[in-house]
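**Student:** Each chain, written out:
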Amino acid sequence: SQQGEEDPQALSIQEGENATMNCSYKTSINNLQWYRQNSGRGLVHLILIRSNEREKHSGRLRVTLDTSKKSSSLLITASRAADTASYFCATVKTSYDKVIFGPGTSLSVIP
Amino acid sequence: EADIYQTPRYLVIGTGKKITLECSQTMGHDKMYWYQQDPGMELHLIHYSYGVNSTEKGDLSSESTVSRIRTEHFPLTLESARPSHTSQYLCASSEWTVARNEQFFGPGTRLTVL
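Protein chains in written order, with my numbering: chain S, 1 to 111; chain G, 112 to 225.
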């Protein structure tokens, strides 16, 4: 079964608004990662948050992690049309485990 | 920009042909992965490797095979392509250490089997 599940599946917002995506997972993890994928391209790593961290920032990105609820959220502030992409969360437990990706959230930012 | 390369970027072939999708990385990463992804859909892990001479099957059953003779190279081979193999194939690599295991992806190979 899926380790990571994103919510919502699709999100459409106006440029300048904030976008929030959520990720839930089932088992304990070492870290959780967020990736972006532009249409037809490979994924690009955005941010990694470790299980002992609660919040992390990178530019307009803010990621939170709640290990008690087994959930994470990705907030993109002041969205731009260029943020239009699919966003995936991924989790991993140990070096011997596979990184498991969720199904992704498709974000459309309307100019 | 990640130092991981895939060739070809696009491939259109007929049913029954043997094909090899190339993937190479210059970061010295131990782990490498192959994913299959249909447009707008989730990634499916089909093969991965922990290092030289290590190959493992992923979560999605695949008729493809892989080899890992050199650290930097992880080719995927389809012995007899079929229309059901039409998809995008993404290669990725990462360090061994779980604390630094973010994956670096190549640009992908879009395969169409007629």
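Be careful, since some hints might not be right.
Said to hold, decoys possible - Some chain S residues judged to face chain G by a derived CB distance under 7 Å, without partners named:
{"#": "1", "residue": "N22"}
{"#": "2", "residue": "T27"}
{"#": "3", "residue": "N30"}
{"#": "4", "residue": "G42"}
{"#": "5", "residue": "L43"}
{"#": "6", "residue": "H45"}
{"#": "7", "residue": "L48"}
{"#": "8", "residue": "T84"}
{"#": "9", "residue": "A85"}
{"#": "10", "residue": "V92"}
{"#": "11", "residue": "F101"}
I should point out that these hints are in silico values taken from the structure, not numbers from a laboratory.
Bear in mind the structure is a predicted one, so any value in this text is a computation, not a measurement.
We put the CB at the ideal spot given by N, CA and C, even for glycine.
**Student:** Less than 7 Å between beta-carbons is the criterion; does S:V92 satisfy it with respect to chain G?
**Tutor:** At about 6 Å, which falls below the 7 Å cut-off, the nearest Cβ of chain G leaves the hint on S:V92 intact, so it holds.
**Student:** Min Cβ distance, S:H45 to chain G: is it shorter than 7 Å?
**Tutor:** holds, 4 Å
**Student:** Would you settle whether the hint for S:T84 is holds or violated, based on the nearest Cβ-Cβ distance to chain G being less than 7 Å?
**Tutor:** It is violated, given that the least Cβ distance between S:T84 and chain G is near 13 Å, above 7 Å.
**Student:** Tell me if S:N22 is really an interface residue toward chain G, meaning its C-beta lies closer than 7 Å to one of theirs.
**Tutor:** Violated - the Cβ of S:N22 stays beyond 7 Å from chain G, reaching only about 16 Å at its closest.
**Student:** Is the hint on S:F101 kept, meaning its closest Cβ partner in chain G is under 7 Å away?
**Tutor:** Holds, about 5 Å.
**Student:** The hint names S:L43 as touching chain G; please verify it with the least Cβ-Cβ distance against 7 Å.
**Tutor:** OK, holds: S:L43 within 7 Å of chain G, min 5 Å.
**Student:** The hint names S:G42 as touching chain G; please verify it with the least Cβ-Cβ distance against 7 Å.
**Tutor:** holds, 3 Å
**Student:** A closest beta-carbon separation below 7 Å is what the hint needs, so does S:N30 meet it against chain G?
**Tutor:** holds, 5 Å
**Student:** Against chain G, with CB atoms and a cut of 7 Å, does the hint on S:T27 hold up?
**Tutor:** violated, 14 Å
**Student:** Any CB of chain G closer than 7 Å to the CB of S:A85?
**Tutor:** Since chain G brings no Cβ nearer than about 12 Å to S:A85, farther than 7 Å, the hint is violated.
**Student:** Tell me if S:L48 is really an interface residue toward chain G, meaning its C-beta lies closer than 7 Å to one of theirs.
**Tutor:** holds, 5 Å
When held up to the earlier numbered hints, the structure conflicts with 1, 2, 8, 9 and fits the remainder.
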